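One-letter residues, chain by chain:
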Amino acid sequence: MVTINELHRYGRTKLIMPGTSACPGCPLQLGMRYLAMALDARFAMVIPAGCSSVIPGAAPYTAFTVPVMHVPFASSPAVASGLRRALRIRGVDGPVVVWAGDGASADIGFASLSGSAYRNEDIIYILADNEAYMNTGIQASGTTPPKAWTTTSPRGKTEGRKDMSLIMIMHNVPYVATASIAYPMDFIDKVRRAASIRGFRFIHLHAPCPPGWKFPDNYTVRVARLAVETGMWILWEYNQGKLTISSPSVPYKDKGRRKPIEEYLKLQGRFSHLTKEDVEVIKANVDKQWDLIIRLTEIYR
Amino acid sequence: MSSVSSKYVKYILSRPMAGAGGKTGTWRVHRPVINAERCIKCGLCWLYCPENAIDWLENKTVTVDYDYCKGCGICSDVCPVGAVTMVKEGVI
Ligand code: SF4
Ligand code: SF4
Ligand code: SF4
Numbered sequence: 001m002v003t004i005n006e007l008h009r010y011g012r013t014k015l016i017m018p019g020t021s022a023c024p025g026c027p028l029q030l031g032m033r034y035l036a037m038a039l040d041a042r043f044a045m046v047i048p049a050g051c052s053s054v055i056p057g058a059a060p061y062t063a064f065t066v067p068v069m070h071v072p073f074a075s076s077p078a079v080a081s082g083l084r085r086a087l088r089i090r091g092v093d094g095p096v097v098v099w100a101g102d103g104a105s106a107d108i109g110f111a112s113l114s115g116s117a118y119r120n121e122d123i124i125y126i127l128a129d130n131e132a133y134m135n136t137g138i139q140a141s142g143t144t145p146p147k148a149w150t151t152t153s154p155r156g157k158t159e160g161r162k163d164m165s166l167i168m169i170m171h172n173v174p175y176v177a178t179a180s181i182a183y184p185m186d187f188i189d190k191v192r193r194a195a196s197i198r199g200f201r202f203i204h205l206h207a208p209c210p211p212g213w214k215f216p217d218n219y220t221v222r223v224a225r226l227a228v229e230t231g232m233w234i235l236w237e238y239n240q241g242k243l244t245i246s247s248p249s250v251p252y253k254d255k256g257r258r259k260p261i262e263e264y265l266k267l268q269g270r271f272s273h274l275t276k277e278d279v280e281v282i283k284a285n286v287d288k289q290w291d292l293i294i295r296l297t298e299i300y301r
Numbered sequence: 302m303s304s305v306s307s308k309y310v311k312y313i314l315s316r317p318m319a320g321a322g323g324k325t326g327t328w329r330v331h332r333p334v335i336n337a338e339r340c341i342k343c344g345l346c347w348l349y350c351p352e353n354a355i356d357w358l359e360n361k362t363v364t365v366d367y368d369y370c371k372g373c374g375i376c377s378d379v380c381p382v383g384a385v386t387m388v389k390e391g392v393i
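Line by line, the protein sequences are chains A and B.
Residue numbers for the first sequence follow the working numbering, so the first one is 1 and each next one is one higher.
Residue numbers for the second sequence follow the working numbering, so the first one is 302 and each next one is one higher.
Among these hints, one or two may not hold up.
If you want the ones that stay clear, here's a sample from chain B, every Cβ over 10 Å from chain A, calculated [to be verified]:
{"#": "1", "residue": "W328"}
{"#": "2", "residue": "R332"}
{"#": "3", "residue": "I335"}
{"#": "4", "residue": "N336"}
{"#": "5", "residue": "A337"}
{"#": "6", "residue": "E338"}
{"#": "7", "residue": "R339"}
{"#": "8", "residue": "D378"}
{"#": "9", "residue": "V382"}
{"#": "10", "residue": "T386"}
{"#": "11", "residue": "G391"}
Derived DSBU-like pairs: lysine-lysine, alpha-carbon spacing no greater than 30 Å straight-line [as the list claims (entries may be wrong)]:
{"#": "12", "chain 1": "B", "residue 1": "K324", "chain 2": "A", "residue 2": "K14"}
{"#": "13", "chain 1": "B", "residue 1": "K324", "chain 2": "B", "residue 2": "K389"}
{"#": "14", "chain 1": "B", "residue 1": "K342", "chain 2": "A", "residue 2": "K14"}
{"#": "15", "chain 1": "A", "residue 1": "K276", "chain 2": "A", "residue 2": "K214"}
{"#": "16", "chain 1": "A", "residue 1": "K255", "chain 2": "A", "residue 2": "K266"}
{"#": "17", "chain 1": "B", "residue 1": "K361", "chain 2": "A", "residue 2": "K14"}
If you are wondering where the hints come from, they were derived from the structure by calculation, not from laboratory data.
Note that the structure is a prediction, hence the values are computed from the model and not measured.
Backbone N, C-alpha and C fix where the C-beta goes; we use that ideal spot for every residue, glycine too.
Please put together the full structure from these sequences, using the hints given.
Okay, here's the thing in structure tokens:
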């Protein structure tokens with residue numbers, strides 16, 4: 001695992017220029033900084049509509065220090081596939097990364113995502129998941145957890161949640177992993193491992209958003225960490241047929257070592273309306289998900 | 302400015318610059334103040350600052366760029382030794 005001392009050389013490097021349009025405490029900026037560290041700021045990025053289209057600020061300036069194409073909602077995997085091929089013809093071998101939100105991945109752009117995964121295009125796709133359409137005003141998306149408040153689910157979301165990373169494994173792609181902005185070393189390792197493989201690579205990055213989830217700006221990292229410590233978010237990695245639980249999540253295989261889920265829920269205003277029964281349902285979902293992942297580690301050995 | 306704008310028209314390209322979203326330091330309600338004596342130079346505040354507003358210098362001390370720090374307070378929340386205090390702006 002990469003260590004913070006290795007990252008010290010980026011200490012004064014502005015991988016994203018400060019002074020962006022993001023809200024204070026934005027998780028996406030953390031994720032993008034780690035991505036740039038992982039790839040040593042040598043990659044091209046494709047970004048569909050979402051917060052990340054707004055974050056770099058106003059033309060003719062941008063906060064991003066790598067080449068970025070801003071593209072319409074549903075097109076990013078298709079654009080990236082073409083860009084990768086064009087770069088290869090020109091003899092450039094750097095990675096092409098799609099940086100997309102949950103709306104662009106799980107809902108609006110799902111068809112082109114599925115298409116490029118099934119063609120095994122040589123791109124890295126990062127789903128930075130803040131669990132709703134934040135940029136347009138907190139509407140529920142396919143990855144919003146059940147019972148969470150959004151402006152389109154004022155009494156709590158009634159539908160379930162699309163499990164994007166498992167759906168991607170079923171596309172038979174070589175690399176799929178989950179990550180969290182609270183565990184940058186794990187995320188950086190995964191990006192580097194993905195970059196060393198050819199074909200379609202998918203990383204699902206958990207990104208708690210202060211205004212959308214209704215918690216104070218300074219709790220972004222705390223909430224993300226609690227998601228892992230309570231078992232709500234499981235860090236795992238599927239690499240060419242083998243699925244393993246990643247080291248930060250290993251202790252939480254044992255249910256007894258997980259923190260109470262209430263600790264995660266109570267920090268977030270979007271869950272403030274939950275009843276005791278709702279919390280029990282969420283707990284049952286967590287146990288079910290762990291069962292599934294542990295079984296998958298036995299299948300994909 | 303004029304040369305950049307003409308290039309922009311020609312290539313429809315934006316160029317990297319600090320403050321592309323404005324002088325975001327003006328958004329700040331609370332200012333992070335680092336107590337250098339208490340700081341153990343671990344770099345965690347630098348690692349977790351979303352804004353890239355903290356420099357982790359060669360001697361491993363940290364400094365905040367108040368022109369752009371938005372005052373989110375994450376640095377203070379992640380500091381393992383409580384060396385970052387959030388002080389209401391205007392009080393200093
Ligand atoms: S709404 Fe959330 S994800 Fe979007 S810029 Fe603000 S903090 Fe970041
Ligand atoms: S308050 Fe937020 S933006 Fe300012 S230095 Fe700390 S982490 Fe960075
Ligand atoms: S997190 Fe705290 S101890 Fe570590 S470098 Fe920053 S101020 Fe110093």
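Hints versus structure:
1. W328(B), annotated as away from the interface, has a beta carbon of chain A within 10 Å; the closest lies near 7 Å.
2. No Cβ of chain A approaches the Cβ of R332(B) within 10 Å, the least distance being about 12 Å, so the stated non-interface status holds.
3. Distance to chain A confirms I335(B) as a non-interface residue, since its nearest Cβ pair spans about 15 Å, more than 10 Å.
4. Even its closest Cβ contact with chain A, about 17 Å, leaves N336(B) beyond 10 Å, as expected for a residue assigned away from the interface.
5. Every beta carbon of chain A lies more than 10 Å from that of A337(B), the smallest distance being close to 16 Å; the non-interface claim holds.
6. The Cβ of E338(B) sits about 21 Å from the closest Cβ of chain A, beyond the 10 Å cut-off, so the non-interface label holds.
7. The claim that R339(B) is not at the interface with chain A holds, since no C-beta of that chain comes within 10 Å of its own (minimum 18 Å).
8. Some Cβ of chain A comes within 10 Å of the Cβ of D378(B); the nearest lies about 5 Å off, and the non-interface call is violated.
9. A cut-off of 10 Å between C-beta atoms confirms that V382(B) is not in contact with chain A; the least separation is 15 Å.
10. For T386(B), the condition that its CB be more than 10 Å from all CB atoms of chain A holds, with the nearest at approximately 12 Å.
11. Non-interface status of G391(B) relative to chain A is upheld: no Cβ of that chain comes within 10 Å, the nearest being about 18 Å off.
12. Only pairs whose Cα atoms come within 30 Å are accepted, and K324(B) paired with K14(A) is accepted, the gap being roughly 16 Å.
13. Distance check on the hinted pair: K324(B) and K389(B) sit about 19 Å apart at the alpha-carbon level, within 30 Å; holds.
14. About 19 Å separates the Cα atoms of K342(B) and K14(A), which keeps this hinted pair within 30 Å; it holds.
15. A threshold of 30 Å between alpha carbons decides the hint, and for K276(A) with K214(A) the separation of about 20 Å falls inside it, so the pair holds.
16. At most 30 Å may separate the alpha-carbon atoms for a hinted pair to count; K255(A) and K266(A) meet this at roughly 20 Å.
17. The suggested pairing of K361(B) with K14(A) holds, with an alpha-carbon distance near 16 Å, which does not exceed 30 Å.
Comparing the model with each earlier hint shows violations of hints 1 and 8; every other hint is respected.
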